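Q: Sequences and hints are given; from them, build the entire structure.
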Amino acid sequence: MSESGNPVSPYGQPSYGQNPYDQNPYGQAPYGQAPYGPNPYGQNALAAGAAASYPAMGYAGVLPVRTDYAAWARRVGAMLLDDIPALVAAAFFVVGYSLFISALVQSNSGSVPTAGVVPMVISGILYLVALGWTIYNRWIRAGRTGQSWGKRLTKIVLVSEVTSQPIGPVNAFLRDLVHILDGFAYVGYLWPLWDEKKQTFADKLMKTIVIDAPGPK
Numbered sequence: 300m301s302e303s304g305n306p307v308s309p310y311g312q313p314s315y316g317q318n319p320y321d322q323n324p325y326g327q328a329p330y331g332q333a334p335y336g337p338n339p340y341g342q343n344a345l346a347a348g349a350a351a352s353y354p355a356m357g358y359a360g361v362l363p364v365r366t367d368y369a370a371w372a373r374r375v376g377a378m379l380l381d382d383i384p385a386l387v388a389a390a391f392f393v394v395g396y397s398l399f400i401s402a403l404v405q406s407n408s409g410s411v412p413t414a415g416v417v418p419m420v421i422s423g424i425l426y427l428v429a430l431g432w433t434i435y436n437r438w439i440r441a442g443r444t445g446q447s448w449g450k451r452l453t454k455i456v457l458v459s460e461v462t463s464q465p466i467g468p469v470n471a472f473l474r475d476l477v478h479i480l481d482g483f484a485y486v487g488y489l490w491p492l493w494d495e496k497k498q499t500f501a502d503k504l505m506k507t508i509v510i511d512a513p514g515p516k
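Take the sequence shown: its position 62, counting from 1, is numbered 361 in this note's numbering, and each next residue is one higher.
Honestly, the hints are just simulated from the structure, not real lab data.
Please note: incorrect hints may appear among the correct ones.
Capping the alpha-carbon separation at 27 Å, the derived lysine-lysine pairs in DSS-like fashion look like this [claimed, not checked]:
#1 Lys-506 <-> Lys-496
#2 Lys-454 <-> Lys-503
#3 Lys-454 <-> Lys-497
#4 Lys-454 <-> Lys-506
#5 Lys-496 <-> Lys-454
In this text, all values refer to a predicted model and were calculated from it rather than measured experimentally.
A: What follows is the structure, encoded as structure tokens:
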């Protein structure tokens with residue numbers, strides 16, 4: 300019997316009057332408390348893992364504003380480089396046609412002149428070469444890599460506005476077809492001068508953008 304009137308257990312533990320679990324016999328903290336004091340990391344480990352796994356609300360899906368849209372002058376330069384075969388073919392045609400018209404005007408015999416025929420035939424052959432070059436360079440190569448040879452030389456890239464990846468040969472071909480809209484009074488080709496994303500009409504319809512190529516310019 301203790302001085303307080305509570306019976307004492309023969310094994311040295313309190314009996315009846317005290318809760319035997321009030322004090323952990325092994326020196327550990329009671330249930331519900333951290334056994335080693337405050338969490339050394341400042342937060343519950345599971346909560347920390349969850350916070351790392353899920354982004355904060357309000358920031359998911361927010362994309363940074365692009366500032367790498369290609370300058371209009373570089374786009375024009377790339378187009379001229381890509382169109383060199385077609386431009387050469389056009390030059391032969393203009394020369395041949397001019398010679399033919401001049402000879403026709405000066406002819407008094409009523410026969411069809413042959414002047415200028417050779418340059419125009421050469422022009423037709425060159426136009427076929429230019430078509431093959433366009434299929435490879437602007438549709439296959441640029442569709443797969445984002446760069447025709449002209450774009451590679453001017454260090455710009457054609458990509459999807461949605462995925463930032465090359466658009467593929469089929470879409471590259473369709474984009475060139477839609478460029479017909481840009482040709483009306485050349486307004487579409489000039490549109491990148493004041494457009495926020497420097498897009499032509501074809502770019503807007505096909506959801507494409509032309510950006511600076513990564514690396515030194």
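Q: All hints are to be evaluated individually against the structure, with a verdict given for each.
A: Hints, verified against the model:
no., hint, result
1, Lys-506 <-> Lys-496, "holds, 11 Å"
2, Lys-454 <-> Lys-503, "holds, 22 Å"
3, Lys-454 <-> Lys-497, "holds, 16 Å"
4, Lys-454 <-> Lys-506, "holds, 21 Å"
5, Lys-496 <-> Lys-454, "holds, 17 Å"
Every hint from the earlier list agrees with this structure, and none is contradicted.
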